[in-house]
Amino acid sequence: MFNNIIGNEKIKQELEEAIKNNQISHSYMFIGEEGIGKKEIAKEFAKNILCLGENKPCNYCKSCVEFNSENHPDFQIIEPEGNTLKIDTIREFQKKVVEKPITSERKVYIINDSDKMTPEAQNCLLKTLEEPPEFVIIILIGKNENFFLSTIKSRCLIMHFEQLSNSELKEFLENRYQIKVRSGLMLESYQGSIGKALKMQERYEMYENIEEIIKKIQEKSIIDILKTSEIIYKSKEEIFDILEFINIIILSLAKTSYKYAKCVEIVENTKKRLKSNANYDMSIDNMLLKMKETIS
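Going by the numbering used here, the sequence shown opens with residue 17, and the numbers climb by one from there.
Hints are computed from structural coordinates only; laboratory data are not their basis.
Check the hints yourself; a few may be wrong.
Once the Cα atoms are required to be at most 25 Å apart in a straight line, the calculated BS3-like pairs of lysine-lysine come out as [claimed, not checked]:
id, residue 1, residue 2
1, K28, K63
2, K196, K186
3, K288, K275
4, K132, K59
5, K275, K215
6, K278, K243
7, K159, K36
8, K306, K288
9, K215, K236
10, K36, K26
11, K212, K231
12, K78, K102
13, K36, K116
14, K212, K26
15, K143, K231
16, K169, K196
17, K287, K308
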């Protein structure tokens, strides 16, 4: 059922058993970091719920054909608009949720990034979760369980997704995308997330250069450091991924000298400064200069 999706074997097995034994809950909550397969597993689960064949998924029934063509009338993925999922979106969903299925015996709704729902939207959704139509299954996907109201959580079967292991991720990237991960530190920085790995691989050369900069920061002069670090100054949109990567490099270097361990705090303070809208270039200047001073 989930042959093309790696990781989280226990959750996949539980979902397979639920379908096999016809013990599907009306509402699920899939919780875990971004890019570890929550949405892919939710979609595959939905496809199997809706499948009209005996051996699921059959891939040839009307439901499977419509699902594979992304044209299934009984399936919908709801996404936030911007940084929040507002009450109007949930109200629109509630109008459709009461309509009976057209192709399948059930209807499945996935609400992606549902931890971005406003409190008003969550309270509105609660009405549906309390008395869902018997043919409806709702899957809420989110990163942070704490952002949901306790009344929402109490009405969902919560499943906690784990990050992929480095070996699982490495194998997946090689087999699915023919991507060879040459740097162990880069692999570590992916944090078990396929999404993050693919994003960072697109800028592999940049991260490789940053690794070189940090590893040689002790032996270079301040002027050389600032000159070679131009790539960091030009990567404002990705700076928090870059800072996470720098911390991973520092922690690996800390095994050789305790001085590097102090640099983690410098990087964390830089994150705080940037989140409070401090001047970008000055914050990076300050970070690199303090790291050089601490290590030398």
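>> Check whether the Cα positions of K196 and K186 lie no farther apart than 25 Å.
In response: It holds: about 8 Å lies between the C-alpha atoms, which stays within 25 Å.
>> So if I understand the rule, the pair passes when the alpha-carbon distance is 25 Å or less; does K212 with K231 pass?
In response: holds, 23 Å
>> Run the distance test for K288 versus K275: straight-line Cα separation, threshold 25 Å.
In response: Status holds; Cα separation ~22 Å.
> Would the pair K143 and K231 pass a check requiring their Cα atoms to be no farther apart than 25 Å?
Replying inline: Judged against 25 Å, a Cα distance of about 55 Å means the pair is violated.
> Straight-line Cα separation of K78 and K102 no greater than 25 Å?
Replying inline: Since the Cα atoms of K78 and K102 sit roughly 33 Å apart, the hinted pair is violated (cutoff 25 Å).
>> For K306 and K288, compute the direct alpha-carbon distance and say whether it is at most 25 Å.
In response: holds, 15 Å
> Is K278 close enough to K243, meaning Cα to Cα at most 25 Å?
Replying inline: holds, 23 Å
>> Hinted pair, alpha-carbon criterion (25 Å max): K36, K26. Please report holds or violated.
In response: holds, 15 Å
> Taken at face value, is the distance from the CA of K196 to the CA of K169 at most 25 Å?
Replying inline: violated, 40 Å
>> For K215 and K236, compute the direct alpha-carbon distance and say whether it is at most 25 Å.
In response: Not satisfied, since the Cα-Cα distance of roughly 30 Å exceeds 25 Å.
> Would the pair K287 and K308 pass a check requiring their Cα atoms to be no farther apart than 25 Å?
Replying inline: Satisfied, since the Cα-Cα distance of roughly 18 Å is no more than 25 Å.
> Given the hinted pair K28 and K63, is their alpha-carbon gap at most 25 Å?
Replying inline: Given that 25 Å is the threshold and the Cα spacing comes to 14 Å, the pair holds.
Hints 5, 7, 9, 12, 15 and 16 from the list above are not met by this structure, while the remaining hints are.
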